[in-house]
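A.B. asks: Sequence:
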Amino acid sequence: MRERLPTEEEILAQLPAAHAAAEFEPRARSARYDPATGRIVIELTNGCEFAFPVHMGQGLGNATPQQLAAVEVVANGSGLEWEEIGAGLWVPGLLSGLFGTRAWMRELGRAGGQVRSAAKAQASRENGKKGGRPRKVRPEPDPPVPEKRASGSKRRVA
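Using my numbering, the letters of the sequence shown correspond one by one to residues 14 to 171.
Read the hints as simulated data drawn from the structure, not as lab findings. It is possible that some hints are incorrect.
Claimed, not checked - Derived Cβ-Cβ restraints for the label pairs, each shown as a range:
(1) Arg148 <-> Ala124: 26 to 32 Å
(2) Gln135 <-> Pro78: 31 to 37 Å
(3) Gly144 <-> Asp47: 44 to 50 Å
(4) Glu97 <-> Asp47: 15 to 21 Å
(5) Gly122 <-> Arg45: 26 to 32 Å
(6) Lys161 <-> Thr114: 55 to 61 Å
(7) His68 <-> Ala136: 21 to 27 Å
(8) Leu111 <-> Ala26: 27 to 33 Å
All C-beta atoms in this analysis are idealised placements derived from N, C-alpha and C, irrespective of residue type, glycine included.
Generate coordinates for the entire structure from the input sequences, incorporating the hints supplied.
C.D. replies: Written as structure tokens, this is what we have:
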């Protein structure tokens, strides 16, 4: 089923809300790749800067420095695009910590959990000396509570 395109009147009616959103929504003024830090740096229209490591942005991990440097600000500052590698990121999403699709974010989380460090290795050795990871303690169920009889009630004997 094909969706109906908005009429010109409907588009014009939405323009004031779009202009108001543009005033408050964070937008990119410029963006660049910083090879010294390995980060994409975004200058926002409010004067702030935001930077993130290249490996976190979906589609950017295998790009060359020259490809990364070809970043363009698109969609009136709402997006970043790398045309040569077919990657694009949404600026408001980046500022919220979203560096790609849900699947990409799951993969970033999974990779983060697999990080090995000297501190993790040391903690693992210490736990091993103590007998390993402690077992989970499950609370014992409460004993059944006897039913209370209403005061003054007598038991009938047959």
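A.B. asks: Now, for every hint given, state plainly whether the structure supports it.
C.D. replies: Hint check:
| no. | hint | result |
| --- | --- | --- |
| 1 | Arg148 <-> Ala124: 26 to 32 Å | holds, 29 Å |
| 2 | Gln135 <-> Pro78: 31 to 37 Å | holds, 36 Å |
| 3 | Gly144 <-> Asp47: 44 to 50 Å | holds, 48 Å |
| 4 | Glu97 <-> Asp47: 15 to 21 Å | holds, 19 Å |
| 5 | Gly122 <-> Arg45: 26 to 32 Å | holds, 28 Å |
| 6 | Lys161 <-> Thr114: 55 to 61 Å | holds, 58 Å |
| 7 | His68 <-> Ala136: 21 to 27 Å | holds, 26 Å |
| 8 | Leu111 <-> Ala26: 27 to 33 Å | holds, 30 Å |
In the structure shown, no violation is registered for any of the earlier numbered hints.
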